[in-house]
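Residue numbers (my numbering): 2 to 187.
Some clues are possibly wrong.
[Stated by the list, open to error] Lysine to aspartate or glutamate pairs mimicking EDC-like chemistry, simulated, CA-CA at most 16 Å apart: (1) Lys12 - Glu179; (2) Lys115 - Glu72; (3) Lys86 - Asp70; (4) Lys95 - Glu167; (5) Lys156 - Asp121; (6) Lys99 - Asp158; (7) Lys156 - Glu179; (8) Lys95 - Glu169.
[What the hints assert, rightly or not] Now the in silico label distances, taken between C-beta atoms and shown as ranges: (9) Gln56 - Glu185: 18 to 28 Å; (10) Asn10 - Pro165: 27 to 37 Å; (11) Lys84 - Met2: 25 to 35 Å.
Simulated from the structure, these hints should not be mistaken for laboratory data. Just so you know, even glycine gets a beta-carbon here, dropped at the ideal spot from N, CA and C.
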Amino acid sequence: MGFDLYGLNPKGDIPKPVITDWEDEKQADDFFKYQDETPGSYFRANVWWWRPLWQYVTVACYDILTEKDMERGDYNDGHRISKTKANRIASRLKKLDKNGSIMKYESEYKAYLKSLPREDCNICEGTGVREDEIGRKAREKDEEYKCNGCLGEGKRDNFGTHYPFESEEVIRFAEFCEQSGGFEIC
């Protein structure tokens, strides 16, 4: 699952192609060329990257976004952010980048992730051995079968560590916002 953001009125000289048939290679190629060559037309982040990025944006831009914007940004259901808000977000994020706040946040965020305690493996319930059907069948073939979720340790990294944060993603998002003419979160 990912978050696809589409610029509502992106800057650029290439007109957005109309796609009537995605099976038509030329139409599809034209569309992807448009996205590649038109700043602000498209931004994508998978769920793991999007959630921490959006969380940062909502905190940094609490006075720009409404409660509804902040909440709906966590869903990919077509919520729209206006051109004015997108420009203000871009301006705020660029200011925060320039003064080092984003890098400071990244450093603190990564330290926080490292501090999270390891968790019992949810596949083997912390035993290191799977007791489900998969584990039973594997043990029939290999007596020393260990849980493949934790490699037999019984512990896994904290689930929160799946949500990374990088300042480069924030800057990439700021550039998208600046060029998008407003955007829709799908």
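Hint-by-hint comparison with the structure:
Among the hinted pairs, Lys12 with Glu179 is consistent with the structure: their alpha-carbon atoms are about 9 Å apart, no more than 16 Å. Distance hint between Lys115 and Glu72 is unfulfilled; the C-alpha atoms sit about 27 Å from each other, more than 16 Å. Our distance criterion of 16 Å between C-alpha atoms is met by Lys86 and Asp70, whose separation comes to about 10 Å. Straight-line distance between C-alpha atoms of Lys95 and Glu167 comes to about 15 Å, which keeps the hinted pair within the 16 Å bound.
Pair hint Lys156 plus Asp121 holds up; C-alpha atoms about 5 Å apart against a cutoff of 16 Å. With a CA separation close to 33 Å, the supplied pair Lys99 and Asp158 exceeds the 16 Å bound. For the suggested pair Lys156 and Glu179, the alpha carbons sit about 43 Å apart, so the restraint of at most 16 Å is broken. With a C-alpha separation of about 11 Å, the suggested pairing of Lys95 with Glu169 holds against the 16 Å cut-off.
Here the CB-CB span from Gln56 to Glu185 is close to 20 Å, well matched to the stated 18 to 28 Å. For Asn10 and Pro165, the hinted distance range of 27 to 37 Å is satisfied, since their beta carbons lie about 31 Å from each other. The hinted range of 25 to 35 Å is satisfied by Lys84 and Met2, whose Cβ atoms lie roughly 27 Å apart.
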